[in-house]
Amino acid sequence: MKPDGISLIVHTRNSSATLPKLLESTSWFDERIIVDCQSDDESVAMAEAAGCRVISTQHEFFTDALRNEFLPLASYSWTMVLDSDEYLALDAEDEIRRLVSVMDESLGGYLLPRRNFIVDRFMQGSSFYPDYQFRIFRTGQVRYQTGHHVMPLFIDDRYHHELVDFSNGVHIYHHNYNSLAEFMQKQLHYALTDVYEQSTTEFSFTDVIAQAQETFSRVFDPKSDGSLSYALASIMAWDKIMRGLLQWEKLGYQPALPDEYFSMVWTKKVDEQVVESGNDELHEQLTLLQAENQALTNEIAQMNQRLTMRALRPFHVAWSKLKRTRT
Amino acid sequence: MTSINLHVVIPCLGLEALTRACLLTLERALQKTPSVTASVTLLDNASPFVFQREFFPNDLAIDIARLDRQASFSKACNLGATRNGDADFYLFLNNDVLLHEDSLVDLLSCQRDFQAGITGMRLVFADSTIQHCGVLFDDGDRGPYHTCNKIHTSLVPRTPRELQAVTGAVFLVKRDLFSTLDGFSEDYSFGYEDIDFCLRAKQLGATIACAQEIDSIHFANTSYNETSMKRINQSRMVFMANWRGRFQIDGNRDEL
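Each protein sequence line maps, in turn, to chains A and B.
Position one of the first sequence corresponds to residue 32 (this note's numbering), numbered consecutively onward.
Position one of the second sequence corresponds to residue 676 (this note's numbering), numbered consecutively onward.
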């Protein structure tokens with residue numbers, strides 16, 4: 032049985048630029064363990080000066096998997112994990128201590144909302160916020176999986192986690208990238224070092240293209256994030272295609288990529304291409320979609336008309352009365 | 676001239692545009708006080724839209740500290756003060772104040788002349804009527820009030836004077852005094868923590884003065900919402916419970 036308290040575990044690698052903010056905002060933890068992956072900069076000295084327990088380890092591509100090795104080092108009953116480019120607000124201590132003082136024995140951890148900053152801008156779009164992260168859990172009850180940014184799992188099924196209210200709760204602050212170039216570089220690094228499904232039967236490049244389009248639609252939110260949203264949506268859609276191609280390469284360049292789909296996507300309008308392809312099934316689906324789209328458009332138009340009529344009703348009544356008075 | 680280490684604390688809850696204007700005027704006012712070395716903490720008190728450095732095109736080195744859950748005004752100020760424990764003075768500044776470029780010179784000169792532990796500043800609404808030129812105390816239910824409120828500034832004398840209390844909107848306080856009193860009382864959610872602090876400082880023998888030569892703009896209750904007003908009323912009840920009968924009655928001096 033570990034004593035009540037919270038251990039913080041952070042992995043670092045050449046993190047001296049972001050580490051001061053993390054160290055400053057986490058000084059209240061009962062214990063801080065910095066696992067350094069062969070930094071060449073001042074990271075280790077900074078962590079030691081701040082009174083952290085520093086452990087050196089080899090550098091691994093999969094930091095998440097590496098975390099499992101060091102989770103047992105936590106001396107207290109709860110563990111929090113932060114990345115070296117993250118930090119907490121000034122009032123985080125009260126809220127986090129309140130969260131871990133719960134009496135519910137089946138509650139194993141919390142997902143915390145995260146505020147992401149890209150090019151120093153707080154990203155508010157749907158794909159960037161609240162960006163829940165599973166970061167606080169009962170010590171010894173969680174295991175990370177292989178891969179980048181894969182949600183860790185409870186070892187024991189009896190536990191569940193809860194979401195911290197993003198409208199009035201503690202947040203993680205994450206200054207992800209200072210430039211688009213850095214963002215691209217990181218995405219490419221993750222793509223090149225990630226784990227991919229090995230089965231050719233599961234692979235479909237058409238699905239990859241669909242995922243890219245889905246990603247673009249999800250990230251593209253100019254109302255919230257302005258022009259940056261265009262750029263990020265494009266990079267993240269491109270990332271899906273890169274990953275698809277990397278997986279395809281690992282599968283021995285099999286199955287053949289659907290070249291007609293490429294020409295369809297990149298050169299001509301979808302409906303023209305579907306008609307030209309002679310694929311009856313696709314054509315049928317497209318016709319159905321167009322009909323649904325038309326029906327929806329009509330419905331919206333009727334709804335607008337009804338709303339307008341309702342809004343104008345008092346004026347009509349007043350005008351009728353006025354006319355009656357005049358006559 | 677002796678160098679002064681000043682730590683400016685600006686608690687913020689929204690009002691990004693006003694805050695930007697506030698910082699620009701602060702920067703200009705600081706340029707007129709070469710003897711002052713200033714640090715600035717912008718304490719983002721859980722604003723719905725997170726404050727970021729890029730909002731503020733100043734050359735000032737601004738430390739932006741964030742709270743996730745809205746704290747009382749006094750707690751936000753106290754936390755902001757902890758960001759620089761080496762300062763000689765703290766200047767608490769509301770983000771709906773636009774400082775006159777000569778206002779800090781006037782404020783520091785008043786502090787020096789009175790050897791004041793706490794120094795306030797003359798503030799006007801946008802229509803040049805007085806928002807604050809000192810807090811006086813009436814008897815009965817009225818208690819503390821802003822004297823000469825809503826009177827045109829040209830009609831109000833400009834002699835700096837000693838008072839029992841000044842507003843916290845622009846509040847210069849010696850760090851030692853602030854530390855001795857453990858900062859603003861966090862019993863107050865919004866409002867009256869400044870008056871409470873002044874009365875506690877008075878009990879320790881500190882002098883409280885208000886600079887009067889220069890007018891700076893304070894939008895004050897024009898930038899408050901319904902919730903702010905509710906919190907002010909709550910604070911007023913706490914204040915009266917704590918202090919009624921324990922302050923000197925200045926009487927009713929609304930009119931000149």
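Among the hints, a few may not be true.
[Stated by the list, open to error] With beta-carbon atoms standing in for the labels, derived distance ranges:
#1 Asp862/B to Glu330/A: 32 to 40 Å
#2 Ser132/A to Ile826/B: 49 to 57 Å
#3 Gly920/B to Ser132/A: 56 to 64 Å
#4 Glu861/B to Ser248/A: 43 to 51 Å
Since the hints were made in silico from the structure, they are not lab data.
Being a predicted model, the structure only gives us computed values, none of them experimental.
The beta carbon of each residue, even a glycine, is placed where N, CA and C say it ideally should be.
Now for the hints, and whether the structure bears them out:
1. Distance hint for Asp862/B and Glu330/A: a CB-CB separation of about 56 Å, inconsistent with the stated range 32 to 40 Å.
2. Remark: the range hint 49 to 57 Å for Ser132/A to Ile826/B is upheld by a beta-carbon distance near 54 Å.
3. Restraint check, Gly920/B to Ser132/A: a C-beta distance of roughly 41 Å breaks the suggested window 56 to 64 Å.
4. For the hinted restraint 43 to 51 Å between Glu861/B and Ser248/A, the CB-CB distance of approximately 47 Å keeps it satisfied.
Hints 1 and 3 from the list above are not met by this structure, while the remaining hints are.
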